[in-house]
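Per my numbering, residue 12 is the first one in the sequence shown, and the count goes up by one each step.
Watch out, some of these pointers could steer you wrong.
[Stated by the list, open to error] So the derived label-pair ranges between C-beta atoms look like this: (1) P37 with S255: 38 to 44 angstroms; (2) P37 with Q207: 46 to 52 angstroms; (3) A227 with R49: 54 to 60 angstroms; (4) R49 with S255: 33 to 39 angstroms.
[Stated by the list, open to error] Computed cross-link-like contacts, SDA-like style, restricted to lysine to any residue with a CA-CA straight-line distance of at most 20 angstroms: (5) K102 with V118; (6) K164 with Q116; (7) K239 with L160; (8) K164 with V118; (9) K164 with S179; (10) K164 with E214; (11) K239 with S189; (12) K239 with G185.
Simulated from the structure, these hints should not be mistaken for laboratory data.
Think of the CB as a built atom: it goes at the ideal place given N, C-alpha and C, for glycine as much as any other residue.
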Amino acid sequence: MDRNADLGEFLRSRRALITPRQAGLPLNGGARRVPGLRREEVARLASVSVDYYVHLERGRRLNVSDNVLDALARALCLDPAERSHLFQLAKPTRSSTHRPPARPQQVRPGLRDLLRVLEHTPAMVLGRRLDVLASNRMARVLLTDFDILPHRKRNMVRFIFCEEAARSLYIDWGTIASEIVASLRLDAGRYPHDQQLAELVSELSIADEDFRHWWADHNVHQRTHGTKHFHHPLVGQLTLNYESLTLPADPDQRLIIYAAETNTRSEETLRLLATSTHQPEIPPERNTDELLQQTESNDLGGNSC
């Protein structure tokens with residue numbers, strides 16, 4: 012991925028979203044030819060020259076100071092996730108400039124044990140690129156059985172965009188899908204040399220028009236909690252709250268836990284879902300090449316996802 016081009020496109024996309032009123036600028040009347048702020052307005056708000064800001068938007072390599080980036084973040088009214096993304100694009104850390112190791116991310120045995128203990132509520136561990144690194148039985152019943160999929164397909168972005176079942180499972184699929192693209196954008200800023208991430212973006216940009224549109228928006232965020240509405244083929248509608256917890260021992264991994272509100276119909280529906288199917292937990296030692304060999308044929312004849 013071209014970090015300099017991404018920086019310019021991100022700045023342009025944020026500038027187009029901010030109105031003069033939001034930026035605290037006086038309204039002089041008359042029609043504006045561009046949505047949002049003009050380049051000279053952003054430059055004035057950030058106390059930099061217009062030429063300097065234009066160079067940034069054009070992807071020129073500049074040694075941008077933290078003070079300038081902070082000023083740009085304020086001028087563009089960036090939220091914390093957007094500000095972090097701006098810094099990652101403009102001033103990559105030493106670790107982000109190196110290619111990540113090729114070996115798969117590992118989930119600690121104790122964390123897998125925790126997933127199995129949470130037998131009445133869906134839970135899963137997501138890693139870099141939103142790869143599904145581990146999931147419990149309830150998560151597999153609610154979403155899909157990731158453990159029987161080839162490794163490259165154990166990914167939430169692929170699931171949401173490539174599986175027809177996902178489009179009917181999520182009642183507000185468009186919102187869920189656009190948010191997961193924004194989350195993937197954050198990972199792209201953190202790990203610009205992740206070849207698997209670049210391949211994922213390339214494949215989905217070709218295969219899915221919605222993904223291509225949302226990726227071009229350059230929106231970034233990562234939800235730490237929220238509510239999702241499902242229409243499950245076995246039990247019908249249910250509403251679940253979720254918490255997304257970054258693991259202190261491995262910031263690349265997040266534990267996602269779903270739960271229904273107490274004394275609600277969704278709680279009863281989730282309980283019914285738990286008892287309506289029986290899918291034994293797969294021992295961790297089988298969650299490797301054996302399963303991959305059993306399911307490799309699933310890749311044949313499918314779509315480009």
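Hint numbers not upheld by this structure, sorted from lowest to highest:
Violated: hints 3, 5, 7.
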